[in-house]
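K.L.:
What follows is each chain in one-letter form.
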Amino acid sequence: MIHIIVTSHGGLAEGLMESSNMLIGEQENVECITFAPDMGAEELNEIYAEKITEVSNENQYLILCDIKGGTPFNVVSRYSFKNDNVTVIYGVNLPTLVTALLEAQNEGATLAGLTESLKQQFNETIGVSDI
Amino acid sequence: MEVSVFRIDDRLIHGQVITAWIAYADAKTIIVADDKAAGDEFTQSLLKMATPDSIQLKILKVEEAISWIQTTEEAGKALLLVRSPKEALTFIEAGYKDHVINVGNMNMKKGKTKVLGNLWVFPEDVELIKSIYDKGVKMEVRAVPNEKSQDVMELLKKSKLV
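So the sequence lines, in the order shown, correspond to chains A and B.
Sequential numbering from 1 applies to the first sequence in the numbering used here.
Sequential numbering from 1 applies to the second sequence in the numbering used here.
Since the hints were made in silico from the structure, they are not lab data.
Even glycine gets a Cβ: it sits at the ideal position worked out from N, Cα and C.
Possibly wrong hints are sitting among the right ones.
Unchecked claim - Here's a subset of chain A near chain B, in silico, CB distances under 8 Å, partners left out:
id, residue
1, A41
2, K68
3, G70
4, T71
5, N74
Unchecked claim - Pairs of lysine to aspartate or glutamate residues, derived as EDC-like cross-links and limited to a Cα-Cα distance of at most 16 Å, are as follows:
id, chain 1, residue 1, chain 2, residue 2
6, B, K110, A, E42
7, A, K68, B, D53
8, B, K109, A, D38
9, A, K51, A, E28
10, B, K112, A, E43
11, A, K82, B, D40
12, B, K58, B, D35
13, B, K110, A, E46
14, A, K82, B, E41
15, B, K138, B, E154
16, B, K36, B, D10
17, B, K138, B, E93
18, B, K109, A, E42
19, B, K77, B, D98
20, B, K114, A, D38
21, B, K36, B, E64
22, B, K109, A, E46
23, B, K138, B, D151
24, B, K86, B, E127
25, B, K112, A, E42
26, B, K109, A, E43
27, B, K110, A, E43
28, B, K86, B, D134
29, B, K77, B, D26
30, B, K114, B, E124
31, B, K114, B, E154
32, A, K119, A, E103
33, B, K138, B, E127
34, B, K110, A, D38
35, B, K112, A, D38
To be verified - Here are some chain B residues the structure puts well away from chain A; computed CB gaps all over 12 Å:
id, residue
36, Y24
37, D26
38, L60
39, K61
40, E64
Could you build all of it, start to finish, from the sequences and the hints given here?
P.N.:
Given below as structure tokens:
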């Protein structure tokens with residue numbers, strides 16, 4: 001199973017989930033973790049530690065976070081360091097989240113396969129309209 | 001090499017540093033002077049990832065950083081980052097007395113007392129800060145360049161910690 005965690009500074013993660021629910025309905029394989037203004041990195045890490053558990057080939061995690069080099073990214077990257085069963089993607093947006101949620105539920109989906117598929121779509125998810 | 005900004009920040013390189021301080025410091029190089037980071041592969045990967053491609057990154061032990069800055073022939077300005085007042089004092093004892101040391105983040109941890117949202121101190125931090133002022137060097141809290149500067153000693157006095 002691939003678990004998806006959306007994490008951000010402030011309310012972006014929860015807002016993205018709300019938007020995603022409008023598009024594809026509520027999903028079960030996803031959790032939100034908000035880094036609030038009054039929180040320290042240690043407190044944030046305690047929440048990640050509660051949610052990212054029993055990592056294995058059968059229990060993989062895709063973490064979608066808001067910005068490279070920000071505190072959620074910095075703290076959660078500890079979990080993907082030298083661990084192929086945890087992947088961190090930064091710069092999350094709504095199309096990436098929706099695709100991740102849907103493709104993660106495909107039969108036989110793997111974290112490596114899902115990551116590769118998302119990567120190929122990055123460029124299509126943001127751009128200037130031709131219209 | 002000229003150090004144009006000398007900053008204490010327990011998050012080292014992060015959003016505030018990347019977006020605001022590199023430009024303010026006119027820095028071509030970021031020097032992270034930190035014994036722990038210099039010996040930790042994970043922290044080094046993170047710091048490299050957080051640093052813009054156009055900026056040179058040096059991650060050195062504190063003593064190595066002091067001698068590198070003195071002896072390097074590289075031109076351009078540098079932003080010097082340390083994790084806590086302890087490392088800052090080591091620099092001052094080695095002769096780095098020309099800066100007002102910028103304090104960006106000394107964050108909440110168990111056993112610390114709150115001075116400001118981004119300034120929490122252990123009792124030993126207070127002693128280190130006193131030693132820094134005793135050497136004639138001042139410190140200011142300023143998370144981002146356009147924020148109002150607040151003198152650290154004045155803040156400690158207001159909080160009755162000195």
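K.L.:
Is the straight-line distance between the alpha-carbon of B:K110 and that of A:E43 16 Å or less?
P.N.:
Holds: B:K110 and A:E43 sit about 11 Å apart, inside 16 Å.
K.L.:
Keeping to a limit of 16 Å between CA atoms, is the pair of B:K109 and A:E42 held or broken?
P.N.:
holds, 8 Å
K.L.:
Is the Cα-Cα distance between A:K119 and A:E103 16 Å or less?
P.N.:
Holds, at roughly 13 Å.
K.L.:
Using Cβ atoms and 12 Å as the threshold, tell me whether B:E64 really stays out of contact range of chain A.
P.N.:
holds, 24 Å
K.L.:
Please verify whether B:K36 and B:D10 have alpha carbons no more than 16 Å apart.
P.N.:
holds, 12 Å
K.L.:
With a cut-off of 16 Å on the C-alpha distance, tell me whether B:K109 and A:E43 pass.
P.N.:
holds, 9 Å
K.L.:
Are A:A41 and chain B close enough, Cβ to Cβ, to be under 8 Å, as the hint says?
P.N.:
holds, 7 Å
K.L.:
Compare the distance between the alpha carbons of B:K114 and B:E124 with 16 Å, and conclude whether the hinted pair is satisfied.
P.N.:
holds, 14 Å
K.L.:
Is it true that the CA of B:K110 sits at most 16 Å from the CA of A:E42?
P.N.:
holds, 10 Å
K.L.:
Within a Cα-Cα threshold of 16 Å, do B:K86 and B:D134 meet the stated pairing?
P.N.:
Status holds; Cα separation ~14 Å.
K.L.:
Measure nothing beyond the straight line between the CA atoms of B:K112 and A:E42; if it is 16 Å or shorter, mark the hint as holding.
P.N.:
holds, 13 Å
K.L.:
The hint names A:K68 as touching chain B; please verify it with the least Cβ-Cβ distance against 8 Å.
P.N.:
Interface hint status for A:K68: holds (6 Å vs cutoff 8 Å).
Consistency note: the structure conflicts with none of the earlier hints.
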